[in-house]
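Undergrad: Here is what each chain is made of, one letter per residue.
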Amino acid sequence: MEATTRNFERNARKALADTKLQEALARLSHGFPAKRRQAIARLPEFEALRDAARDIKNHVLENLDFYLERFETRVGERGGQVHWARDAAEARSVILKICQDAGARTVTKSKSMVGEEIAINDHLEANGITPVETDLGEYIIQIRGEPPSHLIAPAIHLSKDQVAESFKEKHGQFPKDRSLEEPRALLDEARTVLRESFLEADVGMTGANMLVAETGTVVVVTNEGNADLTMSLPRVHIVIASLEKVVPTLDDAATLLRVLARSGTGQEITVYTTFSTGPRRPGDLDGPEAFHVVLLDNGRTTMLGGELHEMLRCIRCGACLNECPIYRAVGGHAYGWVYSGPMGAVLTPVLIGIEHAGDLPNASTLCGKCEDVCPVRIPLPRMLRHWRQRQFEGNQASAASRYGLKAWAFLARRPALYRLVVGPGVAVLGALGRRRGRFRRLPLAGGWTASRDLPAPEGRTFLALWRKRLAGRP
Amino acid sequence: MSEARAHILATIRRALGRQAPSAEQAAALHRRLDAPEPNVIPARGQVDAPARIGLFIAEAERADATVARVATVNDVPRAVADYLAANNLPSVLKVAPAVADIPWSEQTALSAVAGVAGGDDPVGVTGAFAGVAETGTLVLLSGPDSPTTLNFLPDTHIVVLAAARIVGAYEDTWRSLRAAAGGDGPLPRTVNWITGPSRTADIEQTLLLGAHGPRRLHIVLVDGDDG
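Chains A and B supply the protein sequences, listed in that same order. For the first sequence, the positions run 1136 to 1609 when my numbering is used. For the second sequence, the positions run 39 to 265 when my numbering is used.
To be clear, the hints were calculated from the coordinates, so they are not data collected in a lab. The structure displayed is predicted, hence computed values, not measured ones. Treat the hints with care, since some could be wrong.
[As the list claims (entries may be wrong)] Derived list of chain A stretches under chain B, where covered just means 3 residues or more per stretch with a C-beta under 8 Å from a C-beta of chain B:
#	region
1	1220-1226
2	1258-1268
3	1554-1567
[Said to hold, decoys possible] Pair ranges (Cβ atoms, derived):
#	chain 1	residue 1	chain 2	residue 2	range
4	B	S40	A	D1312	50 to 60 Å
5	B	A89	A	T1437	19 to 29 Å
6	B	S40	A	T1437	30 to 40 Å
7	A	G1529	B	G221	50 to 60 Å
8	B	A87	A	G1488	52 to 62 Å
Glycine residues also receive a C-beta, built at the ideal position from the N, C-alpha and C atoms.
Chain A on its own, in the form it takes in the complex (with noise of 0.2 Å):
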């Protein structure tokens, strides 16, 4: 999909005047984290299993070729195929060749941010093959033409009224005047089209959350059961997989599974937590003929050992998405492209270029709330700080604020000329706020004056008061 991040500005703009995205990001603010909260209050090794399972994604990730290499014996041993893709673009003709050779005409998908990531569908459309999303989030969203605002809530950036539309739309079939007011009607709907769906299609094409290098086992968490008729019904399984998922052993994903829903929903566990490996085996009553594994590299090699390493260890949760201000306040499409949130801020740089990424690393207050709930602890505020810095080194950012910096910099490096320039401001201003303590306007201040007070200085610089403080002690 073409990538609007770079006017995250507009787009931010655009979803805080949207009373039904209001509406919805105030559901998800209220849901998600307090069920966290309470999920984590069950469980007093929380704490314990975060260390461990940053510590297993850290060792994969020191070890990388080996466990990939692993990996794929183990799934060749298992009569399954595993195909490495550089970017986007060979995972595209890897999984249409498949499809191809398959004589595919529909293919179920469960969701999958990979799949997004390389737009898999609308290259499948393009080469004459329906593929048919059956998470019922993401169905939601693939009938309205429209990318993921969350990543385990896809749809979540809309209200009842607004899937009852698309339904009535899409499905021509049933009554014109049936009644699609209770959410429950919309499910029962949607899981009648798409019972028929899962029953026809010849491939199934499902994510990954791990991929398990001790068995050659692909590992898949969902709460609908959409993943497992999804792999368990065609004849042909494909995986589409980013290459960090890889674990070591079935040990290794039992803890990290134990903090992934947690921090996602609040659940203990998701409903259904499978784990395939290979292609059905003799004497197998179903299960698919065929099973392929595809690897998708695009970029994320690239962040081994730099600045964004300990990025890799995403689990692909959303919790830092769920406590994020800024996405509560514009929800995931204003981010322009797959990945939202945090994550996608510190993310989506890598995979579409910084030139590309616009305000992303400054949708951010840096608060740090995304950083206190990672499952695997990644310093998201500082991964963000980083792009900050490589906008500003690559004149990117916007002139006022690049010249501002400047500006400051060469002060705060000069003691004397700063205590000079900044103490006298502060007089002033301190003097003229006084008598109400704030400023409701100020001269080149706007931007923080239209929708907030700035608070008076107190009339001396911090670095005066401490002076002062020293001389005064006996």
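Once you've looked at the hints, dock chain B against the given chain A.
TA: Using the frame of chain A, we list chain B on its own:
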């Protein structure tokens, strides 16, 4: 695509500042894989046998499953017939070959056929490899006598589980699967962890049971059977 493979592996090694792992490093990594160690197991997954059963039931019910306890496997058909009647559900069962030996025909209200699930089967009945107490999770294995589709297509999924098969933590099931591993490795094609009936909250965060998978998950726990 072998060119892509070589390129990706080379990029990884360059970033890590080394060649492929040395023999010594590789040996250490192989040891970690060949004798997997558990990481942190919550205390709640380490309770002893009698408490495990209670915890399993409590956690499964928290996840909206229902649980019935019976004394022996011969009591299962009656418990199933009662459950279906109480919930106004059809009494036509598609049963996994693994549980086809249960004397279903003794309940005249039930009709049971063994096999894979079709799109229209209202009730699927399967066994289970284990129950995991820490989250009330069922562990089901695919195989010639336990088709996977039975777990997902029918509206109602009934699982017959011997109480003796309830373990504390997920890792306990990995240990027993590894101990029984044959030439195909420790895992069958599919291992399904199932915790409650299928659900979605994709429309306005409203939680609804019965998304694409079963609307109901009913567990019949058999006390006097050692599995």
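Undergrad: All hints, please: hold or fail.
TA: Hints and how they fare:
Residues of the region 1220-1226 of chain A with a Cβ under 8 Å from some Cβ of chain B number 3, which satisfies the need for three, so the listed coverage holds. With 0 residues carrying a beta carbon less than 8 Å from a beta carbon of chain B, the region 1258-1268 of chain A misses the three-residue requirement, and the given coverage is violated. Check result for the region 1554-1567 of chain A against chain B: violated, 0 residues qualifying (beta carbon to beta carbon below 8 Å, three or more required). At roughly 58 Å, the beta carbons of B/S40 and A/D1312 sit within the given window of 50 to 60 Å.
A hinted range of 19 to 29 Å for the beta carbons of B/A89 and A/T1437 is inconsistent with their spacing of about 50 Å. Separation of B/S40 from A/T1437 is about 21 Å and departs from the stated range, judged on CB atoms against 30 to 40 Å. Separated by about 56 Å at the C-beta atoms, A/G1529 and B/G221 satisfy the suggested range of 50 to 60 Å. As the Cβ distance of B/A87 to A/G1488 is approximately 58 Å, the hint placing it in 52 to 62 Å holds.
In this structure, the hints that do not hold are numbers 2, 3, 5 and 6, in rising order.
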